[in-house]
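Protein sequences appear in the order of chains A and B. Mapping the first sequence onto our numbering, position 89 (from 1) lands on 97, and the numbers just tick up by one. Mapping the second sequence onto our numbering, position 4 (from 1) lands on 12, and the numbers just tick up by one.
Any given hint could turn out to be false.
With a straight-line cut-off of 16 Å between C-alpha atoms, the simulated EDC-like cross-links for lysine to aspartate or glutamate are [to be verified]:
1) A/210 <-> B/38
2) A/101 <-> A/147
3) B/110 <-> A/160
4) B/186 <-> A/27
Only some residues are given here: those of chain B computed to face chain A with a beta carbon under 8 Å [to be verified]:
5) 17
6) 19
7) 28
8) 89
9) 92
10) 104
11) 178
12) 182
13) 199
14) 200
15) 206
16) 207
Hints in this document: simulated from the structure, not taken from any laboratory. We treat Cβ as the ideally placed atom computed from N, Cα and C, and that holds for glycine.
Protein chains: 2
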Amino acid sequence: MSKYVISIAMMNRLPLYLDYLMMLESKGVETISATTLARDMGLGEVLVRKELSVISGNGKPRIGYKTSSLIKDFDTFLHVNKKTKAVIVGAGKLGRALLGYKKFNKFGVDVLAAFDNDIDKIDNKKIFSINKLPNFIKDNKVEIGIITVPVENAQDVYNLLVENNIKGVWNFAPISLKKVPGIIVKQQNLALSLAHLNIMLKNNV
Amino acid sequence: MSKYVISIAMMNRLPLYLDYLMMLESKGVETISATTLARDMGLGEVLVRKELSVISGNGKPRIGYKTSSLIKDFDTFLHVNKKTKAVIVGAGKLGRALLGYKKFNKFGVDVLAAFDNDIDKIDNKKIFSINKLPNFIKDNKVEIGIITVPVENAQDVYNLLVENNIKGVWNFAPISLKKVPGIIVKQQNLALSLAHLNIMLKNNV
Chain A
9 MSKYVISIAM MNRLPLYLDY LMMLESKGVE TISATTLARD MGLGEVLVRK
59 ELSVISGNGK PRIGYKTSSL IKDFDTFLHV NKKTKAVIVG AGKLGRALLG
109 YKKFNKFGVD VLAAFDNDID KIDNKKIFSI NKLPNFIKDN KVEIGIITVP
159 VENAQDVYNL LVENNIKGVW NFAPISLKKV PGIIVKQQNL ALSLAHLNIM
209 LKNNV
Chain B
9 MSKYVISIAM MNRLPLYLDY LMMLESKGVE TISATTLARD MGLGEVLVRK
59 ELSVISGNGK PRIGYKTSSL IKDFDTFLHV NKKTKAVIVG AGKLGRALLG
109 YKKFNKFGVD VLAAFDNDID KIDNKKIFSI NKLPNFIKDN KVEIGIITVP
159 VENAQDVYNL LVENNIKGVW NFAPISLKKV PGIIVKQQNL ALSLAHLNIM
209 LKNNV
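Given only the sequences and the hints, what does the whole structure look like? Please build it.
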């Protein structure tokens with residue numbers, strides 16, 4: 009993979025590429041050209057060529073890329089082989105659902121455990137007391153914190169994660185966190201995602 | 009609200025506007041200008057002016073918009089006062105987490121019930137047998153279906169929803185659905201969202 013500044017727009021297209029490539033692989037399609045891929049995905053050919061070259065170098069003239077190799081290069085790009093460790097804070101319904109979600113692993117992240125301050129939720133197997141969070145992060149070299157606590161606790165949890173040297177935060181609480189520079193935050197507002205669908209539906213976008 | 013073709017890019021910005029406006033309101037900021045809003049959100053002023061005018065008409069010179077009125081106009085745009093009905097298919101951990109998620113209501117969608125074929129999950133209060141889905145959709149004028157079943161069942165569930173005149177689908181199963189024209193599908197791949205954060209972290213985007 010060449011060193012290259014990856015745009016947010018490209019990042020947003022990665023899932024689309026991967027979904028498409030995995031669909032091809034499941035259908036037994038062995039090679040794919042940038043031209044075909046661009047056409048099928050409704051993207052510009054120049055753009056697709058550039059982005060694939062970042063991920064996987066140039067394709068062969070007239071043939072393109074081996075589907076399986078291209079997926080492998082996406083995996084490398086996604087750091088699937090050297091997984092980043094993550095923890096969840098907030099073991100409510102959503103937190104527990106994410107804790108049981110098997111697909112994260114496939115995309116480069118190991119979600120190790122969840123933490124909560126509610127003693128009824130703690131099982132000391134996968135769900136631990138919030139008091140154990142600092143040592144757990146340190147001992148397991150955890151880099152990502154997933155926030156699934158209620159809005160009113162989200163900022164405190166963010167601060168706690170940052171104090172314990174977490175590098176990236178995936179925040180499900182619908183709140184604009186006061187952010188510390190250098191810590192990457194990805195906001196996931198499920199309510200607004202559904203609202204988005206609703207507006208498309210109502211406005212026939 | 010003027011009739012206007014709303015771009016997907018604008019749709020994607022709505023959550024950002026709303027988060028920001030709600031933060032302002034919570035801090036007691038009574039008016040906001042397009043200029044300030046553009047600056048604070050890191051967006052172009054011309055763009056913000058145009059988009060706010062679509063949602064709320066023009067602001068007053070030198071003053072801008074009343075924060076509370078602007079939020080109200082966003083609510084109208086989001087159809088908060090005439091809620092769209094939705095159902096969940098798949099009452100596993102994620103489905104049940106979404107069923108208990110209170111914020112959907114605030115953004116224009118009523119999630120009424122979940123459906124499953126696993127008799128252990130059915131409580132006949134909020135979770136019903138999948139056999140009851142067709143009548144439930146008809147009786148309650150349900151327009152949105154939320155798919156939280158495993159990948160291998162997602163296409164069948166999609167087909168069932170479409171047969172029963174669902175207009176929009178929010179799909180959490182990581183699969184490219186064979187789509188029926190005219191039905192809006194919003195794909196929500198949580199694993200790839202987390203992968204996105206991971207790549208940003210690893211590449212220092």
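Quick rundown of the hints versus the structure:
1. For the hint linking residue 210 of chain A to residue 38 of chain B, the alpha-carbon distance of about 30 Å lies beyond 16 Å, and the restraint is violated.
2. Restraint check for residue 101 of chain A and residue 147 of chain A: not satisfied, since their Cα atoms lie roughly 27 Å apart, outside the 16 Å limit.
3. Of the supplied pair hints, the one linking residue 110 of chain B and residue 160 of chain A holds, its CA atoms being roughly 15 Å apart against a limit of 16 Å.
4. A distance of roughly 13 Å separates the Cα atoms of residue 186 of chain B and residue 27 of chain A; the hinted pair therefore holds under the 16 Å criterion.
5. The interface hint given for residue 17 of chain B is violated, since its Cβ lies 10 Å from the closest Cβ of chain A, which is over the 8 Å cut-off.
6. Interface restraint check: residue 19 of chain B against chain A, minimum CB-CB distance 5 Å, threshold 8 Å, status holds.
7. Nearest Cβ of chain A to the Cβ of residue 28 of chain B: about 7 Å, under the 8 Å cut. The hint holds.
8. The restraint placing residue 89 of chain B at the interface with chain A is violated, with a minimum CB-CB distance near 12 Å, outside the 8 Å limit.
9. Interface hint at residue 92 of chain B: satisfied, since its Cβ lies 5 Å from the closest Cβ of chain A, which is below the 8 Å cut-off.
10. Below 8 Å, beta-carbon pairs count as interface contacts, and residue 104 of chain B has one with chain A at about 6 Å; its hint therefore holds.
11. Look at residue 178 of chain B: its Cβ gets to within about 5 Å of chain A, closer than 8 Å, so that hint holds up.
12. Using the Cβ-Cβ criterion of 8 Å, the hint placing residue 182 of chain B at the interface with chain A is satisfied: the shortest such distance is roughly 6 Å.
13. Taken as an interface hint, residue 199 of chain B checks out: its beta carbon lies about 4 Å from the nearest beta carbon of chain A, inside 8 Å.
14. At its closest, the beta carbon of residue 200 of chain B sits 4 Å from a beta carbon of chain A; the interface hint therefore holds under the 8 Å criterion.
15. At its closest, the beta carbon of residue 206 of chain B sits 5 Å from a beta carbon of chain A; the interface hint therefore holds under the 8 Å criterion.
16. A distance limit of 8 Å between C-beta atoms decides the matter here; for residue 207 of chain B the minimum to chain A is near 6 Å, and the interface restraint holds.
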